[in-house]
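J.: Whenever a hint applies, use it, and build me the whole structure from the sequences.
4 protein chains.
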Amino acid sequence: MSSNIGKYISLQIFGESHGKAIGAVIDGLPAGVELNFDKIAEQMARRAPGKDKTATPRKEDDIPEILSGIKGSVTTGAPLCAVIYNTNTRSSDYSEFEAMPRPSHADYPASIRFDGNNDLSGSGHFSGRLTAPMTFAGAVCRQILEKHGITVGGHVYSIGGVGDTGFDPVNVDAEQLNGLNTLAFPTVDKTAEEKMREKIEAARMDGNSIGGTVEIAVVGLPAGCGDTMFGSIESRISEALFGVPAVKGIEFGAGFGFDKMLGSEANDRYVNKDGKIATVSNNNGGILGGLSNGMPVIFRAVLKPTPSISKPQETLNLTTMEAETLSIKGRHDPCVVVRGLAAIENLVCFVICDILKGNGII
Amino acid sequence: MSSNIGKYISLQIFGESHGKAIGAVIDGLPAGVELNFDKIAEQMARRAPGKDKTATPRKEDDIPEILSGIKGSVTTGAPLCAVIYNTNTRSSDYSEFEAMPRPSHADYPASIRFDGNNDLSGSGHFSGRLTAPMTFAGAVCRQILEKHGITVGGHVYSIGGVGDTGFDPVNVDAEQLNGLNTLAFPTVDKTAEEKMREKIEAARMDGNSIGGTVEIAVVGLPAGCGDTMFGSIESRISEALFGVPAVKGIEFGAGFGFDKMLGSEANDRYVNKDGKIATVSNNNGGILGGLSNGMPVIFRAVLKPTPSISKPQETLNLTTMEAETLSIKGRHDPCVVVRGLAAIENLVCFVICDILKGNGII
Amino acid sequence: MSSNIGKYISLQIFGESHGKAIGAVIDGLPAGVELNFDKIAEQMARRAPGKDKTATPRKEDDIPEILSGIKGSVTTGAPLCAVIYNTNTRSSDYSEFEAMPRPSHADYPASIRFDGNNDLSGSGHFSGRLTAPMTFAGAVCRQILEKHGITVGGHVYSIGGVGDTGFDPVNVDAEQLNGLNTLAFPTVDKTAEEKMREKIEAARMDGNSIGGTVEIAVVGLPAGCGDTMFGSIESRISEALFGVPAVKGIEFGAGFGFDKMLGSEANDRYVNKDGKIATVSNNNGGILGGLSNGMPVIFRAVLKPTPSISKPQETLNLTTMEAETLSIKGRHDPCVVVRGLAAIENLVCFVICDILKGNGII
Amino acid sequence: MSSNIGKYISLQIFGESHGKAIGAVIDGLPAGVELNFDKIAEQMARRAPGKDKTATPRKEDDIPEILSGIKGSVTTGAPLCAVIYNTNTRSSDYSEFEAMPRPSHADYPASIRFDGNNDLSGSGHFSGRLTAPMTFAGAVCRQILEKHGITVGGHVYSIGGVGDTGFDPVNVDAEQLNGLNTLAFPTVDKTAEEKMREKIEAARMDGNSIGGTVEIAVVGLPAGCGDTMFGSIESRISEALFGVPAVKGIEFGAGFGFDKMLGSEANDRYVNKDGKIATVSNNNGGILGGLSNGMPVIFRAVLKPTPSISKPQETLNLTTMEAETLSIKGRHDPCVVVRGLAAIENLVCFVICDILKGNGII
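Residue numbers (the numbering used here), protein chains in the order written: chain A, 2 to 363; chain B, 2 to 363; chain C, 2 to 363; chain D, 2 to 363.
A few of these clues could be false.
No distinction is drawn between identical chains; accordingly, a pair holds when it is met within one copy or between any pair of copies.
Subject to a maximum C-alpha distance of 25 Å in a straight line, what follows is the list of computed DSS-like cross-link-like pairs (lysine-lysine) [claimed, not checked]: (1) 196 x 261; (2) 330 x 72; (3) 200 x 261; (4) 148 x 40; (5) 261 x 330; (6) 277 x 148; (7) 191 x 261; (8) 21 x 196; (9) 330 x 200.
Please keep in mind that the hints were generated in silico from the structure rather than gathered at the bench.
Being a predicted model, the structure only gives us computed values, none of them experimental.
T.: Have a look at this one:
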């Protein structure tokens, strides 16, 4: 209805940031998939907080406990439920936001939506922490994709206006993606990382935050995957990604760059590449008519700066309807792009699995 | 499963461009809505082909025949089916694309997806013509929104790099949107229209096509609408919009501009505006945590240049696996942005109705 | 949402009995299925009115016009829409039921549900006529099942207390089912037909109507089909069947007879039957844990007597809140069981296809 | 997809009988509902094992731990997840069934469906134990129904052919239902309980099991609830109920008794009852055209005898394809009807809530 997604495989996310636990139930996974928990832990670690100073100092082990759906380490075909207990919470930090909603946070609309019953602590169900179970679900799906020769990876495309080199949309391959996957701060161009870190550090030192974009590629997806119209790969990836807090835009292939292109420039003409059908360019990001065309699926998403900043902001006290100054305490990421990348990448693994199931491939 | 959408109200689209008919079934509409067919016809006319030389010369009356779901002109609460018969088709134009798929069209992946059984004529189910039933469904929903004081409108934001003045994200109102709705080529700045038309005409004269972006606003949506996570307003609008052929990107509020922003710049602080809660800026495009915050919902979408161009393109003959030159005959839009705007705007009306139903408002 | 069903293939029914048309959209059918329209017409004819005096004298050709989803006679994979125009309607018959709802009809609750906007004529969307598009959709699916060696058939199990011989739940086979399928009044025991016809004729002569049950078998369904829990074969068949007007009960295998059984009598023990796994009895109707076990799937459904009877009935005038006598004119079936059988059987073909798609078989 | 259900509120069940835990996630509950945990515990206790000798001696505390979706004891509107840990399991009991599937259990079809990866221990996800989270979810929904004056209750209608007095379908009321709810073995006629207990005890002493039926009533549901066709109340209750292990049939109102009725007998004529619209009889079980008509909703469901019996059964060894004798050890219910009643009743509370949400009532 809301925190669940999937046409053929269902993913249900639950939990609040400072509640007992967060988690996910995946229903419709193929049976017989042997899960490598080390690899799942690697993906969880990529998203986990407390790693370095680009992220929140809140530390959580974030080791999901799998309650159902596996026998030993093999999926049974029954719904797989994983729970991550919240162990390191400080709810006292949030009491004042009831009267004075944090700018650009869900606080105010959520209090209207749920008649003031929503859990405000740590942003409750709206917290970025909820990307942990998404990451888990995707990390499971990633292992299914691997068996089908499909690799999902990405890099930080830009932060605070500092850009990385974009993927070569025609030649990006599994090797490059797997390499990026091992990096704490994945960029194609190593010098970009340094400049981006400087931007983040400057924001952090100033009690501020900063936004950025990520670029994701899916390679190995066979041509002809996806469904028509609202079942397009774009529809399904975007529906999922806008469930990730902070994501405010998505573009496939040339994306907003199409705005300046002529058809003759934009069209990806077909070529015979070593006996196989390929395209010389990939402005369509591997998707035509909503279906994969065999080229890498490429898209970028933008994440807004963390709205929680310690820098004082003037805002409104809803009780008095007077302006007041707010300085948000607590442990917050100066930039969520690196951690967001891990969450997004893995969530996309779920979406691709769902698409494969709809196509009878898994 | 694919050409249907909606969590609380279901919209099923059907039809192929050169088949007998295209149409839509809407299931779950409120009963007792008196439909104004002139207003529906106005919306259909906005999207219809053959209006002027920015669009395809193919002429279709595009008058939907309503087969069910109304008594007189009032909705009965039963599924509403509307059919638009295809009367002006020239299928002979498409025979050659079986061997030689048109670049950037669905031809090739669709033939893989459907084992060569898909209808290639006029692009079949992948045709932009399928936006007619989307527009119809949205035009019906638009009348429900009106009764709740909600207005959806938009303008051509850019074509070929020529930009219009963007909406004032805080002050855009129903009057402005309704005004734009009456224009054949809706722009905020009338001088932009002229320059955009020049761009389109130049492309047309050259047997080429050109891309662009649209900007849409929803005003009057009360705070607190939407569902959590994957039920976010962004998820639902984007899932729908990527079902519109040619759409390749979407951004809400400041969108990709967040990439260069600090949190202190990006955050929309709350203010007391004549005794009501408002925000001074609207970088979040009226959506926080996926829910409406009472400010205008603002987003932009990019549409790629029509892939059908008469200008010769080199591409691959899949039978011989040799390069060949292709010149696409037929009647094609040099630019789909203006017609696409009408389709997108109305489709968004459907999405907003679906959201309102989920919130118990309709 | 309501008049649509299906987990992996979607079936959307629309139309009102005395409106312009009724129809169905099927989304998610496999591409490349060559449809035999004569066979579809045969199934439609089984359900069609006006055949003999057991049914309503209203005559409708009921030839569905397929608007989309096929090229020649082969499915394209795009949504298939079929429309049946209503040509022989007499809406004046229904004007009085606004004030005086017909007993056991949907009139009264529907007027509450839809604020009096529902179409009362011919029972509108609640009419048994809506089983025509269900039958059509199922007749299409039946042809897909045939290619997988799956046969669905049934017989009138009882009418007015007169029973037919039940299926042999272990040995019922495609040959028997196909034979029954050709009969105008399918019974296993030919002498039962005569007695049932007498019951119906007696009811008809008295301006009355009569109820009965049908028994359906699905043979050839491989073991292991279905999903867990609410995705059980029983859940999915029953969800569909209760969408058929008049159906008020369903039982699988021994059904309500289990109430008198001990476990040792009820259990279907496994045997080696010519080298294959089979069960000696089939009390479970071929379904264990919601999944097929390879034995025939067997179930029975009960259909209540047509509520429309010309025999005078005392009921309530809602305007005056006084009792009044009502005699329902119009052309009504004295017994809907034979026509209902055709509708149910075919609808089950849709459900089985949906299940097969979920299992990756089609 | 399978273990989830609901059109407007989603219920996802997970877990295996001998796994770490079982549980439920409910997504779409109204916010602000104050939960009474004692009342939830009462419902859980009704279903819980180990109460008396009619049930399995396996003892489980079955106290659900709520991980999310509440703040204090009030629903937040975010997904509510509850987990019940499995503490008292003896998995060694199940090793032999891999080669020799238990008759009438899911073992064999599940091993085909999930390629032998399904968890066989305690029947895994197919266990009756999974009705615990269903009961929990329903017990939550029951409290929402209470606030709307809707009561759901039931009684054991028959066991082993011994029948209880059925509900008076017109006059059954909340008081009677609430009274039954407090009984360990709910029957309308206290003398029936004794005879039924004798039947169960006889089966138990013989290492056997026995089947029965339950009758459920929903009172206080306003007229006009439900959706059309496949969204009928019957469709939705039956879809849910067949997700309960052992349920093999369901009938609404007169159900299979309609088979012997004339229309003039079956029709429920309307009367003015103290100024309100009512019907003199209630053969339709409070549902017309799939919608509630304001009379009590009444239905019966049959539960087959527990397939697990210690009495020796001859069956097939799938490895050798030879007949063998099987005696099922372990702790099993000689009759699941009483516990099943609690599960079914509560699950129906969920379904009614889902219907109310679709009607904009909650």
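J.: Each hint: holds or not?
T.: Each hint, compared with the structure:
no. : hint      : result
1   : 196 x 261 : between (29 Å within a copy, 14 Å between copies)
2   : 330 x 72  : between (44 Å within a copy, 22 Å between copies)
3   : 200 x 261 : between (30 Å within a copy, 10 Å between copies)
4   : 148 x 40  : within (14 Å within a copy, 43 Å between copies)
5   : 261 x 330 : between (44 Å within a copy, 24 Å between copies)
6   : 277 x 148 : within (22 Å within a copy, 33 Å between copies)
7   : 191 x 261 : between (30 Å within a copy, 20 Å between copies)
8   : 21 x 196  : neither (39 Å within a copy, 47 Å between copies)
9   : 330 x 200 : within (21 Å within a copy, 52 Å between copies)
When the structure is compared with the earlier hints, a violation turns up for hint 8 alone.
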